[in-house]
Amino acid sequence: MTEGATRYLYLARHGQALPDESGLTETGRRQAVLLGERLREVPISVVHHGPLARASQTASLIAGQLDGAPLRRSEVAGDYVPYMPDKDELPEETAGYLLRFLDWVTEEDREEGAALAAQALERFTGPAEGPAGEERHELVVTHNFLVGWLVRAALDAPKWRWLGLNHGNAALTVIRYTPGRLPALLSWNDSGHIPAGLRTL
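Heads up, the sequence shown is in the numbering used here, so the first residue is 1183 and it goes up one at a time.
Any given hint might turn out to be false.
[Stated by the list, open to error] For lysine to aspartate or glutamate, the following EDC-like pairs were computed, each having C-alpha atoms within a straight-line distance of at most 16 Å:
hint, residue 1, residue 2
1, LYS1341, GLU1257
2, LYS1341, ASP1268
3, LYS1341, GLU1311
4, LYS1269, ASP1285
5, LYS1341, ASP1270
These aren't lab readings, by the way, just hints derived from the structure by calculation.
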């Protein structure tokens, strides 16, 4: 029997960023507060966040609505390309478009992203440490690419399939990891806490 506690992984993309990505817009700040209010009744034990301003500001605003969950800055929760596919991995009808979308990725980006993506799977997924039958609730405030990568992994989809999984700003995705069971995608890109006029991608 697989040991460990059940992990509930809450994934959130940062709030709407300023054009220069130096921080959040007023809409982005409001989105983050609304997400924090939604999570107020969830026993979040820790808020991991990427190092860039738009993620760290979002995490801080969310944490301000929670009951003492500590903030933890993590390079692993940053903004990077988790996997760079080769043309022959991709569907013929979309390969050209997807590779053009990624044509800015350098070899250094590719290597660094792959290493960080592997660390993200190790750090954030699977059952948590703790006695069987207990639950852990963790929030990761990150970027679109990493949300797509972790969802792809939960569904055991091909590595390239993080592409096309587009997450709204401050929307919420939840994955459950129970010992001895397959990961369960409980919700995807849920923006029900954000009024329609404040929803952005």
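What are the numbers of the hints that this structure violates, sorted from low to high? 1, 3
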